[in-house]
Amino acid sequence: MSRRGFLGVAAAALGGVMLAPGIRLIEVAQAATPSTGANPAVRWGLLIDVNQCAEGCNACVQACNAENGLDPTPTRTSAQWIRIVQVKETKTTRAAQLPVMCQHCAEPPCVDVCPTGASFKRADGIVLVDRHSCIGCRYCMMACPYKARSFVHEPLSDQKPDVPRGKGCVESCTLCVHRIDRGERVTACAEACAKAGHHAILFGDLNDPDSEIAKRVREIGGTALRADLKLRTAVRYQGI
Amino acid sequence: MRWLAAAFVALVAASAVAADDGGRTPKPVIAKAKPGTQCVEPPEAMRRLHMSFLKHQRDDTVHGGIRGAKHSLKGCVDCHASAETGSVAKAPGDFCSSCHQYAAVKIDCFECHASKPEKLAQKGGNSK
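Which chain is which? The protein sequence lines are A and B, in order. The numbering of the first sequence is our numbering, which starts it at 1 and goes up by one. The numbering of the second sequence is our numbering, which starts it at 1001 and goes up by one.
This is chain A alone, in the form it adopts within the complex (with noise of 0.2 Å):
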């Protein structure tokens, strides 16, 4: 036996005896640590590049599908968490896309309209909705301005351990908050679109002001969609 597996054992053995009646050192071992949860000095946020997004690429988008358990091929009642919005000004003919996901509203309108509370905004200003409490009315879906909502209307099977979703609840971005609660920074959209060569998608904290996309949007700025609604929105655009 190695010195390294003789040494496993030996911990094992003795993780094994009892310290007390009933508690045991790998019961201690093993007694969770739960994470802080979110925190309300931050503000996570988006800062797109619209410049940056390059035609016909939805990297986003299937990434997005991938980390959260979406429908890989979408039919027209799949559920959508980015979508790909084709825009074109008329006079200068310039034409563009950008990703339109749950802009994370500091006022959200589909928080107002909830009947149940179900929809809600965390801490640290990602807009969720908690499954266990959400009826399926839509109320969220028909206030929201960004058409970010979407309802799942098919049983589902097989979803991902960390994203929970099914039938009869509406769901939307969540800004991948399960990376974030594991204290990753990055979410899987900006991440692919990243690894595509674009780096049109910077997520970060827009509290922090040494942060990349706090410095970006303090420098060259970033517009809301739907600026006169004043949502104070958490994903920006450039170049729109």
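Hints in this document: simulated from the structure, not taken from any laboratory. If you're wondering where the values come from, they're calculated on a predicted model, not measured in any experiment. Warning: the hint list may mix true and false statements.
To be verified - DSSO-like, lysine-lysine: derived pairs with alpha carbons at most 27 Å apart:
1) A:Lys-160 / B:Lys-1027
2) B:Lys-1074 / B:Lys-1090
3) B:Lys-1032 / B:Lys-1074
4) A:Lys-230 / B:Lys-1074
5) B:Lys-1070 / A:Lys-160
Since the structure of chain A is provided, determine the placement of chain B on it from the hints.
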């Protein structure tokens, strides 16, 4: 009348004894957890209170973003998924479904939550 009452008591006592033996009363088969694992609570507490544990923690997780605490459904699935089906609720004999079927309590958790641990859930992906 007194005689009838005595007979009834005797009958109840006899049936209780039979139930203890496990002879006449059918019992759910509780599948063993993954070897070498230790449950977060004693079995008696889990059998009676698992739904309260889960419900209490789910709000902290969904609304507060507090993850990795003791009573997580993912934790249950990781240890209790069956060796045959890889799931806790797919076949009638799987860990969750065997008791829930016995008690005639419908289990809705796995309409949305994955009933398989991380690795197995990612193999088959035909979700919409």
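Hints versus structure:
1. For the hint linking A:Lys-160 to B:Lys-1027, the alpha-carbon distance of about 33 Å lies beyond 27 Å, and the restraint is violated.
2. A C-alpha spacing of about 16 Å is found between B:Lys-1074 and B:Lys-1090, which places the hinted pair at or below 27 Å, so the restraint holds.
3. Distance restraint check for B:Lys-1032 and B:Lys-1074: the Cα-Cα separation of roughly 17 Å lies within the 27 Å cut-off, and the hinted pair is therefore satisfied.
4. Between A:Lys-230 and B:Lys-1074 the alpha-carbon distance is near 39 Å, which puts this suggested pair outside the 27 Å criterion.
5. With a C-alpha separation of about 20 Å, the suggested pairing of B:Lys-1070 with A:Lys-160 holds against the 27 Å cut-off.
Checked against the numbered hints given earlier, this structure breaks hints 1 and 4; the rest are met.
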